[in-house]
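Guided by the hints, dock chains B, C and D onto chain A, whose structure is given.
In order, the protein sequences belong to chains A, B, C and D.
With this note's numbering applied, the first sequence covers 402 to 743.
With this note's numbering applied, the second sequence covers 402 to 743.
With this note's numbering applied, the third sequence covers 402 to 743.
With this note's numbering applied, the fourth sequence covers 402 to 743.
Simulated from the structure, these hints should not be mistaken for laboratory data.
Warning: the hint list may mix true and false statements.
Dumping the calculated DSSO-like pairs for lysine-lysine here, alpha-carbon to alpha-carbon at most 30 Å [said to hold, decoys possible]:
id	chain 1	residue 1	chain 2	residue 2
1	D	K404	D	K483
2	C	K427	B	K427
3	B	K700	A	K623
4	B	K404	B	K483
5	C	K505	C	K467
6	C	K700	D	K700
7	B	K467	B	K427
8	C	K623	D	K700
9	A	K467	A	K404
10	A	K700	B	K505
11	A	K700	B	K700
12	C	K505	D	K700
13	A	K427	A	K483
14	C	K700	D	K623
15	B	K404	B	K427
16	A	K505	B	K700
17	A	K700	B	K623
18	D	K427	A	K427
19	D	K505	C	K700
Facing chain D, according to a computed beta carbon distance under 10 Å, are these residues of chain B, among others [claimed, not checked]:
id	residue
20	V581
21	S582
22	A584
23	G585
24	G587
25	A588
26	G591
27	M592
28	L593
29	M594
30	G595
31	E599
32	P637
33	M638
34	I639
35	R640
Where a beta carbon is used, it is the ideal one built from N, C-alpha and C, also for glycine.
Protein chains: 4
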Amino acid sequence: MAKIGIVGGTGYTGVELLRLLANHPKAEVAVITSRAEAGRPVSDIYPNLRGHIDLAFTEPDAQQLKACDLVFFATPNGTAMKMVPELLASGTRVIDLAADFRIKDIAVWEQWYGMAHACPDLVAEAIYGMPELNREVIQAAQLVANPGCYPTAVTLGFLPLIEAGLASLDNLVADCKSGVSGAGRGASVGMLMGETGESFKAYGVPGHRHLPEISQNLSVIKREPVDLTFVPHLLPMIRGIHATLYANVDGDVDLQSLYEARFENERFVDVLPAGSHPETRSVRGVNTCRIAIHRPQNKNIVVVLSVIDNLVKGAAGQAVQNMNLMLGFDEADGLREVALLP
Amino acid sequence: MAKIGIVGGTGYTGVELLRLLANHPKAEVAVITSRAEAGRPVSDIYPNLRGHIDLAFTEPDAQQLKACDLVFFATPNGTAMKMVPELLASGTRVIDLAADFRIKDIAVWEQWYGMAHACPDLVAEAIYGMPELNREVIQAAQLVANPGCYPTAVTLGFLPLIEAGLASLDNLVADCKSGVSGAGRGASVGMLMGETGESFKAYGVPGHRHLPEISQNLSVIKREPVDLTFVPHLLPMIRGIHATLYANVDGDVDLQSLYEARFENERFVDVLPAGSHPETRSVRGVNTCRIAIHRPQNKNIVVVLSVIDNLVKGAAGQAVQNMNLMLGFDEADGLREVALLP
Amino acid sequence: MAKIGIVGGTGYTGVELLRLLANHPKAEVAVITSRAEAGRPVSDIYPNLRGHIDLAFTEPDAQQLKACDLVFFATPNGTAMKMVPELLASGTRVIDLAADFRIKDIAVWEQWYGMAHACPDLVAEAIYGMPELNREVIQAAQLVANPGCYPTAVTLGFLPLIEAGLASLDNLVADCKSGVSGAGRGASVGMLMGETGESFKAYGVPGHRHLPEISQNLSVIKREPVDLTFVPHLLPMIRGIHATLYANVDGDVDLQSLYEARFENERFVDVLPAGSHPETRSVRGVNTCRIAIHRPQNKNIVVVLSVIDNLVKGAAGQAVQNMNLMLGFDEADGLREVALLP
Amino acid sequence: MAKIGIVGGTGYTGVELLRLLANHPKAEVAVITSRAEAGRPVSDIYPNLRGHIDLAFTEPDAQQLKACDLVFFATPNGTAMKMVPELLASGTRVIDLAADFRIKDIAVWEQWYGMAHACPDLVAEAIYGMPELNREVIQAAQLVANPGCYPTAVTLGFLPLIEAGLASLDNLVADCKSGVSGAGRGASVGMLMGETGESFKAYGVPGHRHLPEISQNLSVIKREPVDLTFVPHLLPMIRGIHATLYANVDGDVDLQSLYEARFENERFVDVLPAGSHPETRSVRGVNTCRIAIHRPQNKNIVVVLSVIDNLVKGAAGQAVQNMNLMLGFDEADGLREVALLP
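So here's chain A without its partners, still in its complex pose (with noise of 0.2 Å):
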């Protein structure tokens, strides 16, 4: 069994690692850390994992972590980029959930981050961990930045469009919605049931950090730059995402078999049948992508409808993919459950 270490457990992308890693057949967490509940039982705060982790958190040790086989951070942004040095001095390797790793040009982390990065050098070697662009070079990978929610379910949604060359750079529109675990569990007045349920509303409309990421991605899917409208939502729900992608697409293409083509050999995205309207509840719990294509009434705007479960192909599970790809084990080892309907 490999050993895995887990920094920063107490969110809610540590316990979805936890649940995961619960009953993988090749690895097991071997320490978990947190600052504030060190010494407590993981399963005290969680009682889900009562009868499937049996360890307490403990204060963050770098002996320990070096003696792991691989370390994720599910930690806050920022704090990766102080710790990962040391251990991949030590062989061991590392995911981060967070966004240290994720954006290759500083400055524009720097800008949207609001800090100065501790570790330049490494986000240039810092492989993107989405299996589906890159999965040659994360199997290869020591350090790999683990993407963004929104960015996993709007980039794998415009993928085929953009590498077919098929859609106008000009009029890309992602209008993204989210459940209230994207935020985290952090105590705050705007997450409370109080305020975000039986509502709707946009927000980060003039800017949201998840932009330049997407940015990225297409462009370099595209091989060129490329911008795009970016709104996210909040959805009174807890676990979900659903992309709704709007591009310019000239001519007559036959877009249900290019992008079926495109995913024919990938295990994590599902491309529905035409006319299919994906529900985000047909993936939670789960690591699948799944997605449809419309043209409505046959005009030059084409519509695509991309789900994922925020908290899986949108952080621990697409995690848990890219340590497959990296210790060698079968690629959906561990994210073979099915979605829990209803």
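Chains B, C and D alone, transformed into the frame defined by chain A:
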């Protein structure tokens, strides 16, 4: 007190009319019909009306309805058109909350609604009941077609942009999200809480009946044909519509001032301060449309956020506003409540 | 118009007071205080009040408050008791929506609320503001302790049974369920939507502060000590309390008539027809308590179902009802809205 | 691999069986029937099963079902009893998830279920499938009556108290709350999200079909007639049952130890540490029942809190547990997932 009739009062728009009219200073519900529930007290089905409305449902009766000053139809599509001619002939004014008189092009209506129209000549006479567009003609109208919920949110949101000739009409997108009450109170598997709770999806992407209504509205404003891409989605909540609107706008225009000026004298349209993100709960139970305008990163795509309560400004509230205009009351009579938040 | 002050207006009971007072025919909010938000327009935090309340929060100022006819305290427990003596001395009447003046036994209060009481003598003078128990003395009161939310639902539900001496007092059980707004608007992990959505739990089973308040109420009614088992639960919704009450009743009594007779002249208590099951939504946003009485299988256990909106009859609405009594207005002024359903 | 049949697979218990069996190491669904959906792929109705179950619904066919090792009936009450005799005669084992074989007293069953029983003799033979009560006889059973959801939560919660003879049987109260999925997937107005969302109510207080089942269970445990008061409520959420149980217990007993000892070897009953309040989400999607015991203020009323997922331990999960026992598999096969939290 004006005598009011309601035909088909068992659905959500029916109960909402009763809620608003219960405290109206100048109008009184004299008759409310329902074939299925004839004889049953209204408050038996809707206990919130206990102590407020002391009426029982009755079989529809032409004489009783003709004795009313004004009759609301809160019936399924295709019902009002069969009864309205007789009522109008007797001098009773009519507001239809369904779609029978909304679309001027009869062929278009028949295509989208799947039936032959029973009185095409009255469609020509009917006034589209959006006071922000048609206040003066509504005041004199005998027959008002009350707007659909999505068309209300979208039309008010685009109105100043289109009117001012600022938006390029090539790429208008209306990405809309509605609570489940928009689907009415009919039994259906798809609207069960077990099917709609904790999930989100688009629906009707290939085509939705509100598309021709929105296009007609924008074309009337622009005085030339306007098309758009309209994608409705279903929210896991009961009340509220959020329209996220995208348009290409060239040049450096002060959109905030444009919107504030356009709606300055409108009591039911509230333009929020620059930078705002309206929440649907801020209009829960009230007749207000709240709007915010954004131009992310100062690029060409303008984003308008428009929220209404689909049962109030999107249905019964706008109908009462129209009634107030038609009967010479203060436009806000019966519509002065504060939204229920939280 | 009576001049009204509100101390601590940023919480849910504060905004609810503003909502109800905005349309009150005889009272007007003159000052609303908040140290944290001083200077900020009320409608900035609560956009539902835009166009209805044109006030900004101010620092608490004794002179301004003394100039009011009546002041509501919508503050955390322990705040009102420090400011009330000065206000009363100047002739301003006070309604405290917190718990400072609810419990007559100071030792009991200090034990459950964990602090020393600042003005025990005023506790003796204060009137417990439940009009169905204390209408006449409320009319003459200078200081009213507004009841807690659970105590309101439970006391009204048990009232006729206890008053008539029908219930055995050995086994009273109050199994209560509340929406999350009862916990207020403070930031806390436990009340995040991610923590409370789609889940249900009991809390405070070993002891909850509303237990001594309910016991005191029942003891006052019975004129001897009454104890009960009280178990509160948290509902995954925003507004509403449902109390399910169990009592042993011997003999063949017509409980339906008993309840109807007891509340016949109460405008805010509605006894439903035999066989009913009240829904919390039937009182959403309104000051009504709806009650149904059952005796399953004609056995000795009577089941009373009692629902209120915790923010209205359980807080701000009952406070306005008390204000109406204290200032000689019609008891229902400002409280005539119809519940928002659906 | 054992060959498994499912009769009536389109409801929520049907899809839940498919979800759990999809990853079962020793059982495989060979046939799934539905008259209404015959010919349609299962994953067409339940997209969460895409990639996991490659079956289509078929017309019920006796030969195909007889070829199975075990057949689950996930049908409405009254269906299984017509088909089971033939299957048993051919040696196929049967688990009925409906109520046809749960009540031993045929007259009682016929009264509550409103129909004549088609095979009363089989009722006598059938084993009530609660492994914590009947493990050994289930292992040898040909026909298992899978327990109802409420009866599972209530029976497990009361079990140690009744078994130990500690509870006074005069005043047992089970105040139960269930998510909407307990009502199944049939179209009905009452279960629309517009009717059940953001609201809470009791239902069936005069009498609910699970009352005789619970009474029978407690009577079997006690070996004498046991009656109780059972009040079910409907929660505005999808999955989960919370039973709050009240019993009179005299004397000074260590209830915590009693419960821990009773369930020490039960893999699907988890007694929480003293002072806990189990949340329904802690068992979402899994076969565990979590229980906490309280004795508020050390008085005579004991409060037991018992939570299950109504579709898993309350239906399909317990059915798979029974199947594992009947076919000689490990009792936890297919039931090792971690609850989905948040």
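| query | Which of the numbered hints are not met once you compare them with the structure shown? | reply | none
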